[in-house]
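Enquirer: For this one, chain A is given, so just place chain B on it according to the hints.
There are 2 protein chains.
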Amino acid sequence: MSKYKEIKVALLGAGTVGGGVYKLVERRTAEMPDKVGAELKITKVLVKNLQKKREGIPSEVLTDDWEGIIHDPEISIVIELMGGVEPARTYILQALEAGKNVVTANKDLLAEHGQELMEAAERNHRDLCFEAAVGGGIPIIRPLKECLAGNEITEVMGIVNGTTNYILTKMTQEGWDFDDALKEAQRLGFAEADPTADVEGLDAGRKMAILASIAFHSRVTFKDVDVKGITKITAKDIQYAKEFGYTLKLLGVARNEEGKMEVGVSPMMIPSTHPLANVNDSFNAVFVHGDAVDDAMFQGRGAGEFPTASAVVGDLISVARDMQYDCCGRIGCSCYKNLSMKPAGEARHKYFLRLIVEDRTGILAGVAGVLGNNGVSINQVIQKPAVNGVAELVVITDKVETRHLNDAMMIFGEMSMIREVASVIRVYTQK
Amino acid sequence: MSKYKEIKVALLGAGTVGGGVYKLVERRTAEMPDKVGAELKITKVLVKNLQKKREGIPSEVLTDDWEGIIHDPEISIVIELMGGVEPARTYILQALEAGKNVVTANKDLLAEHGQELMEAAERNHRDLCFEAAVGGGIPIIRPLKECLAGNEITEVMGIVNGTTNYILTKMTQEGWDFDDALKEAQRLGFAEADPTADVEGLDAGRKMAILASIAFHSRVTFKDVDVKGITKITAKDIQYAKEFGYTLKLLGVARNEEGKMEVGVSPMMIPSTHPLANVNDSFNAVFVHGDAVDDAMFQGRGAGEFPTASAVVGDLISVARDMQYDCCGRIGCSCYKNLSMKPAGEARHKYFLRLIVEDRTGILAGVAGVLGNNGVSINQVIQKPAVNGVAELVVITDKVETRHLNDAMMIFGEMSMIREVASVIRVYTQK
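Protein chains in written order, with my numbering: chain A, 12 to 442; chain B, 12 to 442.
Just chain A, same shape as in the assembly:
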């Protein structure tokens, strides 16, 4: 018999990431006593369908009996990888109340019910870790909570969805349309059959809610996040962005300006010289700006079997170490402030506008006039040669309050010389 105590772990879910976690824990079995002073063993894996074969997971650990896990006093850590809000929420709450520690990758759940879960963990003096919920394998949650804890963080931003980054990379590098790029992403398994959560920015929005909550020490939930997807982005927008020296990315940007938070996800133009402009394919990257550290960037694989398992097993090792030192719950909820969200209209951004206009004199003057009257000043403008009586006017504005831009857009909508406001895309600027 081993001289080490064995820590028993239950895994909820045996999908791609679950399989990766099981295999990675097996792979590291021999080293666990050196790493955490105990042996670590996944003894039960909760699945819906016991009949289905799970590659790499022996069938004897499979179970469909949650009660058997929650009432098993030997199991001290539960890893939740089922996804979705229910029954994951109930299971995690029950596990914490039963005195078990929890590791989860569930961003949907955390972005909505984070506070409830953190409070349950705190009440029960247990760990609730979720490094894998944001940025896959990239260490970002723990660095924010620990390494950068001395900072007042004013911005967290980045590329936090690999599917859309793959699609935009293909549109940029190969000139593909959105639909073609999506189909290829689906074929390669980067996008799901129903791609809504990715391409509409919902997944990125949930991750930004989690990042903002930790960075600003104030609870931000998914409903606080202003979310816009990439389905309306055209190859033309990307082409024109290039002409202005920009690259188009789906960016999450969370800011704390004088105690007012602003958290959003939308397609944005970013200078092509910015390090994020070269984060391509399914890679993710997160920038953090703090008053002491200045800029720090974290980059890596934002999804996938083993990168995500890397984050989960890192948390698992951390929980096991806490158990050995009897200090579970050591780092709990860090939302000790209560900042408010900035009202949407007050946000100040720079924009790229693409207008389809009639090919006649006075158009530029008319457009410039409307923008000027609404306090929107123009930074750059390109008028494209007309084809069949229709021209394109591309404008990059200076920073403007969103409500002023919206006023101008409404007037454009009523002007006969403007056939269509084809694109309104935010241009990323540093605060």
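Given that identical chains are not distinguished, each listed pair holds provided it fits within a single copy or across any two copies.
Below 30 Å or equal to it, Euclidean Cα-Cα: the simulated DSSO-like pairs (lysine-lysine) are:
{"#": "1", "residue 1": "LYS34", "residue 2": "LYS348"}
{"#": "2", "residue 1": "LYS19", "residue 2": "LYS63"}
{"#": "3", "residue 1": "LYS395", "residue 2": "LYS181"}
{"#": "4", "residue 1": "LYS253", "residue 2": "LYS181"}
{"#": "5", "residue 1": "LYS34", "residue 2": "LYS156"}
{"#": "6", "residue 1": "LYS442", "residue 2": "LYS46"}
{"#": "7", "residue 1": "LYS34", "residue 2": "LYS442"}
{"#": "8", "residue 1": "LYS14", "residue 2": "LYS156"}
{"#": "9", "residue 1": "LYS46", "residue 2": "LYS271"}
{"#": "10", "residue 1": "LYS52", "residue 2": "LYS156"}
{"#": "11", "residue 1": "LYS46", "residue 2": "LYS156"}
{"#": "12", "residue 1": "LYS14", "residue 2": "LYS52"}
{"#": "13", "residue 1": "LYS19", "residue 2": "LYS156"}
{"#": "14", "residue 1": "LYS16", "residue 2": "LYS348"}
{"#": "15", "residue 1": "LYS442", "residue 2": "LYS361"}
{"#": "16", "residue 1": "LYS46", "residue 2": "LYS353"}
{"#": "17", "residue 1": "LYS348", "residue 2": "LYS14"}
{"#": "18", "residue 1": "LYS46", "residue 2": "LYS348"}
{"#": "19", "residue 1": "LYS46", "residue 2": "LYS234"}
{"#": "20", "residue 1": "LYS410", "residue 2": "LYS361"}
{"#": "21", "residue 1": "LYS271", "residue 2": "LYS34"}
{"#": "22", "residue 1": "LYS348", "residue 2": "LYS52"}
Think of the hints as simulated: they come from the structure by calculation, not from any bench.
Expert: Chain B in isolation, oriented as in the chain A frame:
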């Protein structure tokens, strides 16, 4: 009186970083109870010269009495920022033996006496944290020890010295010579009056010893690191590198290949498309490759008053949290393996060679013959037009064992048609 316990801290050294740490702790005073459940106060700052004014540090906390700190039972954390091996080593050992926790940024000390210090920490069940020793404000030590703990890490590499990165950036972007770039770096305060530790690669070598020890779970000390500086790099090398699509950087590369470690620092050519090629000026960046996470990159400011203070205060907060939960020493030495170093001659690298040769027929055949006879195969070659009877031959080899390259270089040294082997620079290749 506050309802919170006060944790008293002593700071050793009041230089640039020491001043930054003092100011940052003051700036965060009000938030400390929320962050760590206690108040945090630097009550003593050890300096050599009590008369010297320290901007931002009140004179009443200054002391030149180490005995007064080590015997002060109220001080539970010592932050060592004096630098150098002695007396820092003795002070840290005394502090640990006296039951105090230690935070240090001292890479020179850790790279030589890391084991002794870690053992003292372990023996006394105290924390010894050193996030600031590598990469300034960039979180890298804790991510390696915790977030990536589930990985078998096979490579850690990157730009870990800001001074040389600034110099090489200026040489690359402005075409300056090494001497001019060094002078400008000194003028701006990026380089010290005696720049040896930076430009000869010693500072980077110490950091790589620390990173390799943590990544590979095996003790690597500075003497194990193969170190080469940038003093012999010329504007011409950088120009030719560009022609081949490379950028010249001072890179630290640590690898674990089948249980044999190889740790070195030298000027290297890296493909200009590689993310590290665009890490410029005084920025640092570290790449990590693990079997689960694949590639992860950490980037930020590698030095400076507040970036370094960010790392120190992050450690300080972590120690304070451990004290509150009575779990100091929770993450100690992780060198639980005992891997050996790969013998120097067996390392296999790709090289850039710049030869000054006589302008006569048969030169290329002669050079190619010597390389071929020594098992060095040629990947690319450029012959530059001759000036005054002297030509330049630039060769990029395939991967070759160092000893075979050295044999060829020895023969070149004896060939009259070869005036000089002007440059032998490693080309970075992924394992």
